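All chains should be modelled from the sequences, with the hints used to inform the complete structure.
Going down the list, the protein sequences come from chains A and B. Each step along the first sequence adds one to the number in the numbering used here, with nothing skipped, and position 312 is 312. Heads up: take any position in the second sequence, counting from 1, add 1000, and you land on the numbering used here.
Source of the hints: derived by calculation from the structure; they are not laboratory data. Bear in mind that the values here come from a model prediction, so they are computed numbers and not experimental data. Beta carbons are placed, not taken as given, at the ideal position from N, Cα and C, and that holds for glycine. Warning: the hint list may mix true and false statements.
[Said to hold, decoys possible] Label pairs and their in silico Cβ distance ranges:
{"id": "1", "chain 1": "B", "residue 1": "Gly1098", "chain 2": "A", "residue 2": "Arg472", "range": "37 to 43 Å"}
{"id": "2", "chain 1": "B", "residue 1": "Gly1098", "chain 2": "A", "residue 2": "Leu117", "range": "52 to 58 Å"}
{"id": "3", "chain 1": "A", "residue 1": "Ala99", "chain 2": "B", "residue 2": "Ala1128", "range": "38 to 44 Å"}
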Amino acid sequence: MSAPTYDLGKLHGGLRLQGHKTESTAMPIQQVPVPKMLAMPLTQHVGNPAQPVVAMGESVAKGQLIAASEGSLGAPVHASSSGTIVAIEPWPVSRRLGANAPCIVIECDGEDRAHPLPDLLPDFRELEPAELLRKILEGGIVGLGGAVFPTAQKLMQAATCDLRFLILNGVECEPYISCDDMLMRTYAREVLGGAQILMHALDLDLCYIGVESDKPQAIQRLGEEMAELADERIILKQVPTIYPSGGEDQLVQLVTNLEVPTGGLPSDVGCLVQNVGTATAIYDWIVGGQPLVSRITTVTGDGVSKPMNVLARIGTPIADIIKFAGGYTKQARQLIVGGPMTGKSVTTDRVPLVKATNCILVLAEAPSVGAEMPCIRCGNCADVCPVQLLPQQLFWYACADNEKQLRLHGLTDCIECGCCDLVCPSHIPLTADFRTAKARIQELADEKARAERARSRFEARNERLEKEHQERADELTRQKESAKQGGPEMIAEILKRKQQEKDDG
Amino acid sequence: MTAVITIGLLALVAGIALSYAYRSLPAQATGLVEQVNDLLPQTQCAQCGYPGCRPYAAAIVDENAPINLCPPGGDETVRNLAALLGKDAIPLAEPAAGPPGVAVVDEARCIGCGHCRDACPVDAIVGAHHLMYSVISQECTGCELCVAPCPVDCISMQDST
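Structure below.
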């Protein structure tokens, strides 16, 4: 096997956290049976909600398109099992803003009948890169690392840049989550296949796979497959186990020693980062004809009887998945969708598994955080910040609602990793404050854009009115002139005609 | 003697720099109307008594109009204007209304007279004469200027969220 390489860039800050990963990696990936019903949210990605293309009562098959991508940024949704559409209505989901979102609800018939596969492509190498990108768009594939940015559009954007590397992200640095680890152990071949497709689609000949050092088995499996595949373009890189080395920009820095500029994208330094799960999904779609209808997710925490990794259909209620994993334990107190650092606490287990759900975490006790105290400006937060911000200053300006200073101090570059929260001796919920402040900045920017549009429309209207006024005045002058030139007979004639019109009217 | 020459040279250099700055850098007064206009909410509602935000900005600069006439901007706009113009932040002349709504035409009752279209300061109303008009809600600033001219009272303001 090819040995992983160690020449790495340096990451600022970060934290060594307790992994809690071995609990869920003891068993191989388990397949969750078809649930009674599926709730498929129309927004499982960044961008515009997908538009339903099915009607109530319609019968659908697994893999059938049920909502099409809308606008320039979005992804389609496919039915993840066969059954009947019983509702298209708001349904509880896990997301940052608001509790309900429109979902297509499917009552499953349990047959799991598959939609006829699309005509399989001969070999992806025979396709033009542009055609391959279009094809990826149809698969409903989004970034499975958690950001759920539509993959095809990310690739299309990157294709316009001067790219040098493809980086597959198998770091998975957040505690408890182990779905990418299990994916790489189980589907190493598919991960590499996905990498080859991506390299072909973007015309690249170098791919790094970054894997954290706490996943020796995944590294070994990948190494074995790489030896068998003998594709020299793919290089495995082991990165240190430091949270958040799996952040996109952080991984770029670790693997290539290039820093993504502020407000920029990895493509600005010639990199494209894709999660290993996304690469596998691309492989399944392009080679196997299977759109993104299921994903691997980690069910773990002290509140779950049998922590494990499961392969579940998108739309499966989380309650069903937890039941499959042996149900809740007596200590179960808090349900989190996502990891402990960046996840979202939810109040009901009716929420469905979505494309973004990499972890379902049930904690015994909400971690006891002390009462919030005033900032003592110790600077611990600045030491651990992986993007080298000054959280203590940002906190200051967030309290004062000072938008200009927040911008100047780079709030928009905050990746909301939560490191500053953890080390703060005063227990200030910095990340939550920053999230609010970011939303506020966005709101102000939207407001500004709206005002700008209103102003330009107002000015355009005034200009138009002015022009119309001028034209009318000119026309009147012209008529007067021509009447004058025609002499008294013409004026009399015009007056007569006007009188006639009046009488007729 | 050295001191005199040094000071003299310094004065000369400073004088040249200052006169250069005076000529090439934009003077504060020009564009002040634009700066004031930037702080106004661009609702174009005319509640200030001027026919839009820019005319009001011009009136503030040229005619010394009070800076507290903009209810949609609220106290924040007054504060910002006061800071820009070096005036005192005075309370609003009229109490601020809630967040701006969006005008909605009840299309079943609309007779297509077009009075609302003529009243809209941002051309956000479109339609066909004698048939029906409708509001482009994304472009509506919530100024309410279209409500009064409607002869059949079919325009109402609704919550924009």
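For this structure, which hints from the list above don't hold up?
-> Per hint list: zero violations.
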